[in-house]
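Number of protein chains: 2
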Amino acid sequence: MTEAGIGAGDDRRPALDVWFEFASTYSYPALVRIGPLARAAAVRLRFRPFLLGPIFKRQGWDTSPFVIYPAKGRYMWRDLERICVDLGLPLRRPPVFPASSVLAARVALVGLDVAAGAAGEGAGWGEAFCVAVFRACLGEGRAIDDPAVIADLLSGLGVPPEPVLAQAATPAAKARLREETEEAERIGVFGAPSFVTADGELFWGNDRLEQALAWATRRA
Amino acid sequence: MTEAGIGAGDDRRPALDVWFEFASTYSYPALVRIGPLARAAAVRLRFRPFLLGPIFKRQGWDTSPFVIYPAKGRYMWRDLERICVDLGLPLRRPPVFPASSVLAARVALVGLDVAAGAAGEGAGWGEAFCVAVFRACLGEGRAIDDPAVIADLLSGLGVPPEPVLAQAATPAAKARLREETEEAERIGVFGAPSFVTADGELFWGNDRLEQALAWATRRA
Numbered sequence: 017m018t019e020a021g022i023g024a025g026d027d028r029r030p031a032l033d034v035w036f037e038f039a040s041t042y043s044y045p046a047l048v049r050i051g052p053l054a055r056a057a058a059v060r061l062r063f064r065p066f067l068l069g070p071i072f073k074r075q076g077w078d079t080s081p082f083v084i085y086p087a088k089g090r091y092m093w094r095d096l097e098r099i100c101v102d103l104g105l106p107l108r109r110p111p112v113f114p115a116s117s118v119l120a121a122r123v124a125l126v127g128l129d130v131a132a133g134a135a136g137e138g139a140g141w142g143e144a145f146c147v148a149v150f151r152a153c154l155g156e157g158r159a160i161d162d163p164a165v166i167a168d169l170l171s172g173l174g175v176p177p178e179p180v181l182a183q184a185a186t187p188a189a190k191a192r193l194r195e196e197t198e199e200a201e202r203i204g205v206f207g208a209p210s211f212v213t214a215d216g217e218l219f220w221g222n223d224r225l226e227q228a229l230a231w232a233t234r235r236a
Numbered sequence: 017m018t019e020a021g022i023g024a025g026d027d028r029r030p031a032l033d034v035w036f037e038f039a040s041t042y043s044y045p046a047l048v049r050i051g052p053l054a055r056a057a058a059v060r061l062r063f064r065p066f067l068l069g070p071i072f073k074r075q076g077w078d079t080s081p082f083v084i085y086p087a088k089g090r091y092m093w094r095d096l097e098r099i100c101v102d103l104g105l106p107l108r109r110p111p112v113f114p115a116s117s118v119l120a121a122r123v124a125l126v127g128l129d130v131a132a133g134a135a136g137e138g139a140g141w142g143e144a145f146c147v148a149v150f151r152a153c154l155g156e157g158r159a160i161d162d163p164a165v166i167a168d169l170l171s172g173l174g175v176p177p178e179p180v181l182a183q184a185a186t187p188a189a190k191a192r193l194r195e196e197t198e199e200a201e202r203i204g205v206f207g208a209p210s211f212v213t214a215d216g217e218l219f220w221g222n223d224r225l226e227q228a229l230a231w232a233t234r235r236a
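Protein chains in written order, with the working numbering: chain A, 17 to 236; chain B, 17 to 236.
Read the hints as simulated data drawn from the structure, not as lab findings.
The calculated SDA-like cross-link candidates involving lysine to any residue, where the alpha carbons are at most 25 Å apart (straight line), are:
1. A:K88 x A:P114
2. A:K73 x A:R194
3. B:K88 x B:D223
4. A:K88 x B:D215
5. A:K190 x A:A132
6. B:K88 x A:S116
7. B:K88 x A:R62
8. A:K73 x B:P81
9. A:K73 x B:G89
10. B:K190 x B:V165
If you want a taste of the chain A side facing chain B, the calculated C-beta under 10 Å gives, among others:
11. I71
12. G76
13. I84
14. Y85
15. R94
16. V205
17. F206
18. G207
19. E217
20. F219
Cβ coordinates follow ideal geometry from the N, Cα and C atoms, glycine included.
Take these sequences, add in the hints, and give me the full structure.
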């Protein structure tokens, strides 16, 4: 899923920024679907995990709107269930909803930053890690705030967990996630997943994935 | 668009309840699209205008979430613009958003109730009125809380406005809309448009129209 061996500089494919939050339920089908769709459309993805919590907080919400508004929450789970059935995806609620996604997001950024700076084939594990987190959290109901679960997912990708977890705990890694979250809010992202084209067009929701890819390519 | 001449009793087509609010922006493309799609799918529609205001109020909102959360509101208008461009629909913001939809909803229920009780061809004007209100409000930016605008729309459908407006102002008409709104909330409707199949499956949003029709027919 990574684009190893192609530096962003030589890459003429249209780009699409993929903003998502590991606690966001609709980000799960979107992240599972986006790899093959983007390859078919010849769109270069940039995965941008961020935190919705601080953005929600400024809207006066101290948790997910799906918790604050029960009718909306009940609907979301049923809607997601239908979506997952159609896609043949497993769905299992995590032990706590919304999941605490800080650790997963910091680790993901470590992996994605490695991929962005890497030239060698297979150097990047960031995108595969992101998909693995969603499959673990919402496909298997695992607790993604548990470092042991994150370590397990890294090991499954052939990545030694200890140095990555250590790097994700540094002030630099914390600052990186904070900056990404601020950037998301700055460009008008208010939910996840959100897709942003090179010309700044914003599309919100798993439902808008195909439209975002089409927009990215028609403007190329 | 009405199903004149076919009593609901003899009608074997699967049914779909269409819950909408005249101030709801996404109800506009949904209501314009639904007639032809339902005919093609052989689905019998029941139009159910209601008020989101009282439901929002119980969620702590005193206006549209698109007003309360500006980033979401900006996105909605842009998203709606893209949808309308794709459909070849005009889009013009009403003088006040959200529009006050009480009058239009009461009048619509008068027309829809006439249609439901009528046997003769062409007796019902309720569905055509609903579509006309959306085209006026969001296609032309007209003030649908203005009785003169509503009268004009009725006249355009060949319906003498005065008796209808008088009927819509009766305590019975007010109670009817209140009951419909309570029923919407009771069955879990929290936004508009929402589609509910005969087996109680709820679909929310213009994006779910095709899925709702497919669900209605596959369960038939």
